[in-house]
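> Single-letter residue listing:
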Amino acid sequence: MSDFPRWKYALVVIVLLVGIVYALPNVFRPQPAVQISGNRGAAVDATLKTKVDALLATAKVPASAVDVNEKDGRLLARFGSVDDQAKASEALRVGLGDNYTVALNLASTVPSWLRSINANSMPLGLDLQGGVHFLMEVDQTAVIDSQENRYTDDIRALLHDKGVQYDSVTRNARGQGVNMVLRSDADRQKAASLIGADYPDLLVTDGASSGNSFVLTASVKPAKLRELSQGMITQNVTTLRQRVNQLGVSEPLIQQQGANQIVVDLAGVQDTAEAKKIIGAVATLQYRAGLYTPQQAMEAARSGSVPPDAKLYFGRDHQPYLLSKKIIASGDELVTATSGRDQQNGSPNVSVTLNSAGARKMQEFTNDNVGKPMAVLYITRTLDTKMVDGKEVKTPKVTEEVINYANISGPFGKQFQTNGLPSDNEAAELALLLRGGSLAAPVDIVSESVIGPSLGADNIDKGFKSVMLGLGLVLLAAAIYYKLFGLVADIALFFNLVLLVAVMSAIGVTLTMPGIAGIVLTLGMAIDANVLICERIREELRNGSSPLAAIRTGYDKAWATILDANVTHLLAALGLMTMGSGPIKGFGVTLFIGILTSMFTSVTVTHAITALIHGGRKLKTLSV
Amino acid sequence: MEIFNHNANFNFLGLRRFSVGLAVLLMVASVALIVTKGFNYGQDFVGGVAVDVAYANPVDTNDVRQALTKAGMENPLVQAVGGSREVTVRLQPKDDHGAAGATALSGDEAAAKVSADIMVALKAVRPDATMKSKSYVGPQVGEELRSDGIYAVLFVIVGIMGYLWIRFEKRFAIAALATEIHDVLVTLGIFALTQREFDLTVLASVLAVVGYSINDKVVVFDRVRELFRSSRNATPEEVLNRSINSTLSRTIITSLFTGITMAALFFFGGTVVHGFAITMLIGILVGTLSSIFVASPLLLWLGVSKQDLMPRAKEDPELERRP
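Note that the protein sequences, when read in sequence, are chains A and B. According to my numbering, the stretch in the first sequence is residues 3 to 626, in order. According to my numbering, the stretch in the second sequence is residues 7 to 329, in order.
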């Protein structure tokens with residue numbers, strides 16, 4: 003007994019107990035459910051519950067439970083099977099109308115006492131519960147384009163305002179910044195200092211000068227571009243999250259991956275077309291000044307001769323509009339848009355809130371243009387992939403549409419209303435388009451995949467089987483080969499699985515098929531430490547040590563080896579963990595946790611059990 | 007129970023010319039295979055054509071897979087969508103012999119050609135199959151993964167070498183790295199040879215092979231260090247031989263145990279983890295053999311000696327003068 007201090011026994015017991023408790027939630031399988039949340043302040047209360055009950059009764063789909071959570075504004079109806087869940091969600095979606103979002107959900111069946119100590123089951127990856135997976139990429143060239151176009155306009159306005167004479171301000175080739183041709187060296191210096199003062203993110207360099215043309219180039223600093231593109235990704239993630247909420251999917255996974263990719267995983271969704279319509283509506287919007295009269299626009303559309311300062315666009319009903327080439331504000335400057343009714347005349351309207359940069363530009367524009375028309379242009383992008391000379395070439399196809407055209411009633415800034423919409427539905431749709439249209443930079447769907455729920459269940463089944471079979475075979479082999487010490491190692495290996503699952507659940511690692519493969523591999527390798535210990539003990543016994551001394555030296559000597567082997571293995575797992583992509587990362591995390599837990603169970607736990615069995619007795623032989 | 011004779015003192019080092027020669031040959035052959043044949047990259051890496059097929063009556067994904075394979079299409083990816091009446095088939099243009107040479111086609115043309123071939127094959131077996139949609143799906147592995155991957159691999163190499171350098175000695179770090187490269191190259195070489203599909207999970211397991219094989223080598227190295235320190239005047243060759251022999255049973259038992267679990271995964275884990283399990287099995291075999299036959303000869307050639315491994319705690323001039 004003296005070999006093994008009492009505090010270590012206590013540590014082993016505590017860790018194992020905590021491990022069991024935190025691994026326990028995974029035993030409870032989640033139940034198919036439908037989640038209902040209110041839109042635009044629609045109440046989720048007892049009245050809704052009776053309505054839901056009635057709807058379910060008419061649809062003849064019995065719910066096993068209907069719970070209202072007024073605090074979170076959610077109603078959860080649980081069902082016995084996936085079929086019932088699908089039928090119920092259909093019936094509820096039709097019955098409840100637009101004021102409620104009906105989403106498929108998997109309700110946790112974990113008892114509340116476990117949840118109260120934050121013990122939850124591992125969230126399952128798409129491959130284990132079915133759903134849709136999209137990988138999107140932010141178009142970097144579009145980021146550069148929009149920035150350079152904006153700076154070109156800004157610089158032109160700046161030089162004009164400050165009275166600097168210039169021949170031209172034009173955009174260079176992509177990534178090359180803005181080209182200015184000025185009339186004298188003094189003008190050039192003045193322009194350079196003005197730009198330097200107003201736009202610290204631009205790098206200003208002198209170009210060639212000849213006669214009376216003095217060239218100045220302003221290019222966006224690379225650091226600023228990086229920062230912009232990071233900001234755009236973050237904003238796109240937020241926008242996508244809002245859009246997915248419109249889709250009504252519960253617990254979607256939307257996250258940045260690498261420098262310019264976004265992953266969207268929608269568990270439970272099976273209809274890619276519907277999901278794509280909302281997520282893939284790669285849209286932005288722009289506010290532009292309306293120019294000329296409707297008659298002139300008609301004329302331009304008919305003859306094809308468009309005035310040089312305008313561009314021809316069409317509305318939803320194919321009505322032509324002539325809009326200014328200059329953008330007043332764009333989707334990335336929009337904070338939010340909500341539909342409602344005008345307080346004075348009660349007509350449907352949409353209120354829009356812009357961020358400060360957008361507000362400033364809007365204020366300047368509307369101050370000068372009261373009574374003149376302004377249009378909202380909605381731009382959607384789709385991507386055609388073509389193979390040219392064996393290489394993949396993607397060409398974006400852009401559709402532009404005027405979704406709103408109205409006169410400015412007075413100057414406004416941050417917050418303003420668009421009035422005169424024909425119906426509430428129209429207002430709601432415009433608000434939705436405006437909100438959803440606020441993608442900061444265009445994103446392209448580079449890959450998509452659907453995993454059926456039956457396949458997910460099949461994967462879980464196979465994964466579970468292979469974990470159990472692998473574990474069983476190793477347990478058997480160890481017990482046969484190392485007898486009593488093998489059995490002790492078996493107990494430790496089993497607890498290693500429990501601890502691994504507990505840690506993964508506690509930190510919320512999403513379980514996927516590669517993750518299960520990682521668990522299986524970890525179990526196979528975890529026995530290594532015990533093999534090392536047992537082989538050492540055998541060696542010590544052969545060298546003539548007494549049984550207890552053999553155990554002591556065996557553990558001592560094996561420990562150094564186990565430490566070295568596992569630290570190097572941990573470094574390899576850490577490398578896998580830091581790699582960007584899904585399966586590799588998930589696998590690395592599992593391996594990393596598994597190595598740590600196996601070091602504890604295969605050394606400390608087995609030592610405790612061994613000490614318990616052999617301690618304080620006089621032994622002649624060891625069963626190893 | 008003991009399978010291995012613990013008194014065995016097989017002269018592994020005696021085989022060193024042959025074993026290391028073979029290892030070098032395998033490495034060269036692997037590099038040649040990788041360069042000439044390349045990998046059969048999965049859709050994660052190269053993209054493919056996705057076709058949604060609807061059936062009037064319920065269908066089994068295995069039947070769909072069989073119908074496609076019979077029509078001469080390699081590696082079709084068949085997944086059930088929603089219920090049992092709709093499947094998604096994913097195929098790379100190069101796996102469809104009807105559309106051979108499709109690399110010259112544009113994405114849309116390839117999608118049209120491949121999807122037409124798929125529908126012909128499916129309708130031949132089940133006339134109730136109808137195509138719902140087709141699309142060309144781009145590769146998932148972007149520049150990010152490539153650059154992240156290189157950093158991660160560099161981090162692992164530097165980390166492991168640094169650790170071994172500090173805990174052991176620089177010759178051990180070099181030998182570990184060399185065998186590590188050998189193991190990965192040969193595993194990849196077998197993949198190039200068999201043209202098995204190389205996807206993201208396979209990449210993950212190739213990296214796991216690195217972890218496994220380093221673990222395996224460190225155990226032998228540990229014994230080498232221990233025996234060098236405890237032996238009085240054994241030659242390095244004797245020490246190395248004894249190290250391999252005394253860790254041999256552990257090396258093989260652990261490989262067997264890990265192999266058992268991977269075999270369970272291979273046979274019962276389903277197609278998703280097939281590539282993973284088979285790569286691990288290959289990697290375990292290659293890693294185990296190189297731990298036994300390659301790592302120690304390298305140490306010998308690098309000139310590992312007792313002096314390098316003694317703990318350099320105190321420099322006692324009195325001790326230095328003793329024989």
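I should point out that these hints are in silico values taken from the structure, not numbers from a laboratory. Watch out, some of these pointers could steer you wrong.
Said to hold, decoys possible - Derived lysine-lysine pairs resembling DSS-like cross-links, with alpha carbons at most 25 Å apart: (1) 89/A - 138/B; (2) 559/A - 464/A; (3) 138/B - 559/A; (4) 559/A - 176/B.
Just so it is clear, the structure is predicted and the values come from calculations on it, not from any experiment.
> Next step is simple, just say for each hint if it's right about the structure.
Status of each hint after checking the structure:
Our distance criterion of 25 Å between C-alpha atoms is met by residue 89/A and residue 138/B, whose separation comes to about 23 Å. Between residue 559/A and residue 464/A the alpha-carbon distance is near 39 Å, which puts this suggested pair outside the 25 Å criterion. Only pairs whose Cα atoms come within 25 Å are accepted, and residue 138/B paired with residue 559/A is rejected, the gap being roughly 65 Å. Distance hint between residue 559/A and residue 176/B is fulfilled; the C-alpha atoms sit about 23 Å from each other, no more than 25 Å.
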